[in-house]
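Trainee: Each protein sequence line maps, in turn, to chains A and B.
Numbering of the first sequence is given in this note's numbering, commencing with residue 1 and proceeding in unit increments.
Numbering of the second sequence is given in this note's numbering, commencing with residue 1 and proceeding in unit increments.
It is worth saying that the hints were derived from the structure and are not from the lab.
Accuracy of the hints is not assured; some may be wrong.
Said to hold, decoys possible - Computed from the model, here is a short list of chain A residues facing chain B with C-beta under 10 Å:
#1 Arg175
#2 Ile329
#3 Asp337
#4 Leu341
We treat Cβ as the ideally placed atom computed from N, Cα and C, and that holds for glycine.
As a plain string of letters, each chain reads:
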Amino acid sequence: MEETNETLCLGIDLGTSRSSVSASNGERHVIDSYVGWPVDMVARKLVKKPVMVGREALDNRPMLDLRRPLERGVMKDGSEKDQEAVQEILRHLISLAGIKQKGKNKARVRAVVGVPAEAFRVSRQNLRNALEGIADSVMLVSEPFAVAYGLEALLHALVIDIGAGTADFCVMQGRYPTDEDQKTLPNAGDSIDEQLMKLVRERHPEAKFSIHMIREWKENSSFVGERKDRLMVSVPIKGKETQVDITSEMRAACESILPPVSETMIALLTKVEPEFQSKVRNNVIIAGGSSLISGLPEALSKALDELGGGRATVVHDPVFAGSDGSLAIARDASTSDWEKLSL
Amino acid sequence: MASIDDTKAQLLRGVVQDNIDVLQGVRTRPLIRRKGRLQLWFWAGSLATTVFAFSMLSSYLISRGSAPPRSDAAVSPAAAVLNIDFTPESEVPLSHPRPINREAIPLAIKTIVIDPGHGGEPGAISESGVTEKEITLDVALRLRRLLENGPFEVLLTRESDRRLSLDQRVAFANEHKADLFLSIHVNWMEPHTIRALETYYVGPTDDPATLKLATRENKDSAYALSDYKQILEKIYVDARRDESRTLAKTIQSRLFRSLKPKNPLLQNRGVKTAPFVVLIGTQMPAVLVEISSLSNEGDVELLTKMDYRENIALALLEGIRGYANGFKAFDVKGR
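Make a model of the complete structure from these sequences and hints.
Mentor: In structure tokens form, the structure reads like this:
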């Protein structure tokens, strides 16, 4: 449907690893949260662009000063280059959404951006600042809250949004969540990567691999619990391409987040009013890129047995659940609300 | 039951208000007490993700020992991490705190919370058996009496020998919307020949002795490690630090000036920063003062004398008054 007015609503899930945008004009896009600038004039000539964003930046990384500017779900602090990189990601997402950012008929952009549940106040302020000149009005919301809002899981639900940088928890009890209802853990996709890197290096000290390869292996084959076949990956050993078995390492790395996530889930559930605990236990919703780990909902459901049983399910569209939820908030907010939050 | 649209409308109001709070720089919400099983995992997570957080928090949140260290050999397990380098404040890549402009915001000191350290458990104990909890309560009660002659409302976190966790003390001050928080403690120092006064306000430190002290004084914290982010934010981004520093300087100078004639060997160790939980969690200018050393029997002898304790209380009163008068001057000017 063609956008007929000048105002566009955006939901943005600015993720440590991937960022997605859902726009009121129907556009939905996801990119890798990488930005790169050519390292010198030669590189500039080769890549033919002053800056590259997303997969393009990753693919051309040898020629780029590559940045992954988000850390644990928020902008890295203290580096102007990283702040600039976040702005590039935001501009890129907005351009992908087909929004005209310059000129006479420049669209009015109202953006809702997801941040970790326990993001610092300064981090939120930094993000707002980064959006100046990119959006006209901005709201920042906790990521799991955005997911819950989008799914209309507003009552008796626990949303666990497991991304790369953080695992964010939010108990929905029909009211705006307080600090008591929300939690952020640093045990998420990146910690799995670090663990996997360490374990594979220990088992195959002669193998050469990078963090990007580790991430790719994880994104293709992550799992918890049992796996029928062996997980083999190809790595150079002394220059020769060699197949190595990383089944046990992948399992151990992925399962490393299970105890903290389970414990936090249980701790939050036990704080829910006793008469509603059963309902919430049976409505645990997992979102975020790391929710795609095979066997994760079953493992978390099993953890709920300790409390008398429950059910954890993965959202239908983990990649866009956050940005879709943010878009729903953007659409539902009134003009007067938006005016209060102009940049 | 509310319709889904009503619920959404209510949630949206919350979202908007939350964002307005950020825009207006409203203080972060108070630290929330966490209990139980979360703690280990948050610690593990913190450990894995930030050595900095580890080095700071482990120094004051892990230790749960019950007695003060009597020698280097008796240092608690947490002290093992004290050698981890601290990032100096100036190198911490977070926003710089902005000082409160007293002229722009005329403030006044109305409510003062005095926190007698320890209670229930003894705190430090001198060789002759004098306990920190007794001294701190005695001085606090004296100080309250003196302060109540002025225009202040004075509240004590404890008025008897009862145990209070550190976050209960913090919550007490925050709930009563105190304008000033003073935590009174008595030090235990190595070597025992040292007689020293120290006043602390919130901030990081790389001084092993200060970390050791913070470890000891923080042992009753009920904050979970999950709160580390807010804690770090508070340490580095809180404009209240400037006021706390001013308060600490005023108290330290009055205390030293007053006690030195009666205790000639007393050393002025000055104003320092340390990550004491009671200073981090409180939302008002807050200081922790170590009024003497129970490790030094000379100091202990003085502390057992009523007039010396009264002198300490008087010096603290002067310090608080001196600080409060600064506000009063601007208050008058601002009207």
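Trainee: Each hint needs a verdict: does it hold in this structure or not?
Mentor: Verification of the supplied hints:
1. Arg175: holds (6 Å)
2. Ile329: holds (6 Å)
3. Asp337: Check passed: Cβ of Asp337(A) comes within 5 Å of chain B, closer than 10 Å.
4. Leu341: holds (5 Å)
The structure fails none of the hints (numbered hints given earlier).
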